[in-house]
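From first to last, the protein sequence lines are chains A and B.
Numbering (this note's numbering) for the first sequence: 1 to 200.
Numbering (this note's numbering) for the second sequence: 1 to 583.
Note that these hints are calculated values from the structure, not bench results.
Among the clues, some could well be false.
What the hints assert, rightly or not - Restraint ranges, calculated between C-beta atoms of paired labels, are given here:
hint, chain 1, residue 1, chain 2, residue 2, range
1, B, Thr459, A, Gly143, 39 to 49 Å
2, A, Gly143, B, Leu426, 50 to 60 Å
3, B, Ser469, A, Arg124, 32 to 42 Å
4, A, Glu93, B, His109, 23 to 33 Å
5, A, Ser172, B, Thr459, 30 to 40 Å
Unchecked claim - Which bits of chain B does chain A cover? Going by a derived footprint, with three or more residues having C-beta under 8 Å, they are:
hint, stretch
6, 158-166
7, 241-255
8, 303-314
9, 541-554
Claimed, not checked - Examples of chain B residues toward chain A, derived with CB under 10 Å:
hint, residue
10, Ser2
11, Gly333
12, Arg341
13, Phe377
14, Ser558
15, Glu559
Glycine is no exception: its CB is placed at the ideal position from the N, C-alpha and C atoms.
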Amino acid sequence: MSRVAPVSVVLAGVGGQGIVLASTIVARAAILAGFQVKTNEVHGMAQRGGSVIAQVRYGPEVHSPLVSEGTACVLASLEQIEALRNANYLAPEGLAVVSRQRALPATVSAGRAVYPADVEARLRRTFNRLIYLDAEGMAVRCGSVRVANVVVLGALSTGLDLPADTWHAAVSSCVPEKYRELNIRAFQAGREGATSAASS
Amino acid sequence: MSELLSGNQAVARGAYEAGATVATGYPGTPSTEILEEAARFKPEIYCEWSPNEKVALEVAAGAALAGARCIVTMKHVGLNVASDPLMTLSYLGVEGGLVVCVADDPGMHSSQNEQDTRHYARLAKVPLFEPADSQEAKDFVGAALDVSESFRTPVILRSTTRVSHSRSLVALGERRALPRAVAFQKNPARYVPIPLWGRVMRTEVEERLGRLAEAAERSPANRIEWRDRELGIITASIAYQYVREVWPEASVLKLGFSYPFPDGLIRQFAAGARRLLIVEELDAILEEHVRSLGLACHGRDVVPGVGELSPTVLLAARARLEGKPAPRTALRGDPGDLPVRPPVLCPGCPHRGIFYALGRQDVIVTGDIGCYSLGVFKPLDRVDTILCMGAGVSMAQGFEKAGVRQKVVGIIGDSTFFHSGITGLLDIVYNKGTAAIIVMDNRTTAMTGHQDHPGTGRTLMGEPTAALSIAEIGRACGVRRVHEVNPYDLETTQRVLAEAIQANEPALVVSVAPCALARRTPVGPAREVSAEACVDCGQCLGLGCPALEAAGDGVRISELLCRGCGLCEQVCPVGAIAARGAP
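So that you can see chain A by itself, here it is in the shape it has in the complex (with noise of 0.2 Å):
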């Protein structure tokens, strides 16, 4: 058969964190390569401290918006145990993105669950390609924690094959004018930190 199997991407965070931007960059990068695209994302309590999951998919035609486990190219995660639990969707072979970044579910904080604290073993321990970089450090050089997703969204650019430029024209379409150089910035921070993440 010759069906080309559509590319999925998973990102996952919590809420507040631009979890839901950049998978409409993605979207549109792979729109403006010529892809048919579906997304999908879980809405409803985001914004009252839950996980959050979003998801693209392209290719030349696509069905499910949802990823099969198993089978997608990238997972990016804003969170470290958010990576962890949504590793299900990943190929094996698939690329990890994660940021350092800890947000403490309201069952830890209030001491009542404990945040694992070999996590950064864990995470090296699951995932065979991981890229585990301090996008919050990194978007904070760049000018604003804010584009901590941006950053994300620049490393996990290293794992799909959409060319550099429509990843820029993606970014500018779906930011506000006045933020999109930082957001370019915050782009080709992440998208370096990655090519000299994953050659160390």
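Dock chain B against the given chain A, drawing on the hints supplied.
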């Protein structure tokens, strides 16, 4: 031109292009964005948030009898509320098209049950459309409005969470003009179902169903895709998309105009495929019908009927059908010990003060649908029951009349009070109850993303309007003991609640403070803990505030998260919490 639209955006766009001029609804995940998007097409479309779904459908029914094209939006449980007008509107029929856009929530992402709206199409004897992506969501609204007018019947357009909240490219079109002038032609034999005329309508409804079935046979929304004929799959809605990925080689009968069932098409498809499989989300409605036609098929024996479907779920179903072991497991990052991340009341949420105060009372708390359902979680743990919109008030009366030992407190939000809390309050007053009812009035419909309601002073069209007072409504219902409290003032709140609970008459306590997410400014100055003064007693952690963090040797307050509500300062027994930087 194409645009990446969610299913909900596409429904609104479809209504616009099809010349709809009236859109009504009540917010409810996953349907809410339909009407919010429709409101962007003002003034071409008049849009309103109605107090509840019944009112929304009745408003649209009036507009449709006058010839307007209408959509009504709600979540699945909203149709329970609107089912009364739907059942008889089916008899009256419509002049202008009327499409009830209902979003189901398989998997219960944000709902209290998993009911299947397709049953309502059969119950009300009205046609059903089920889009499988955003393009169909847009196209089917237009097709449904056309069917509605041609056959003089309300139509249900059923979406699901994954159709409503998935985005895909949609080809946009121009707006069609309404094909007629709006006017009412008096015709009581058609619009008044007293038994004399109602019996005639009843017969016409059955006859209409027959003609609709013929239309479904011919509808381009129903199509056979012949591929390999070893396996033929009948499916609809989002399940179609999963089927195409999991069984790319199989032939498919895809239903979009799915009720009344196109029996001829089903028989033709079954005759052409060696084996037949039904893949449908939730109840086995299609499967039971196919079996009733005398056709053997697989379905519920391999495809689960509880929870939502997904490609992963269907891959396991395929393995079951083929008698093979389940597909290999994926990477596992969670050995089962990762801390869960339940949604919580936001930092600064005004509901927190009420729940904390209730924690000091030996009462039964009947809760309701809204953010304040989160008060069920530890450490607040102060909601004992939740049933449906309005039951927070009415069930309190039931507990009391059953004769429970404790006093009963009913909790309900402002939007929910307007939706269906008022009649429960009337019942308590009329039938001599003594429950204390607390309206958590945060001046918005918070859970679904801050929609206006009759208390906010603003319409969905963005116009200022009367802001109804809940306290005044309580008095008008006959409640003599009505109090308004500021939930950030814990001492007063506790005193007022204690008095309301002890009173031997109905009491209404309106807790008034705007939603912490909706307000632009913090409630007050951010707080901090003095490490020297903190005795690590954990009293403040009982508030369940995400800004408070148990640090092992005391408590810390996140400057980033703290909204300065000051509740922690009030509950600290040793005065260790104060405004940040205060002397």
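Checked hints:
no. : hint                            : result
1   : B/Thr459 x A/Gly143: 39 to 49 Å : holds (40 Å)
2   : A/Gly143 x B/Leu426: 50 to 60 Å : holds (58 Å)
3   : B/Ser469 x A/Arg124: 32 to 42 Å : violated (59 Å)
4   : A/Glu93 x B/His109: 23 to 33 Å  : holds (30 Å)
5   : A/Ser172 x B/Thr459: 30 to 40 Å : holds (36 Å)
6   : 158-166                         : holds (count 3)
7   : 241-255                         : holds (count 6)
8   : 303-314                         : holds (count 3)
9   : 541-554                         : holds (count 6)
10  : Ser2                            : holds (8 Å)
11  : Gly333                          : holds (3 Å)
12  : Arg341                          : holds (4 Å)
13  : Phe377                          : holds (8 Å)
14  : Ser558                          : holds (8 Å)
15  : Glu559                          : violated (13 Å)
In this structure, the earlier hints numbered 3 and 15 are contradicted, and the remaining ones agree with it.
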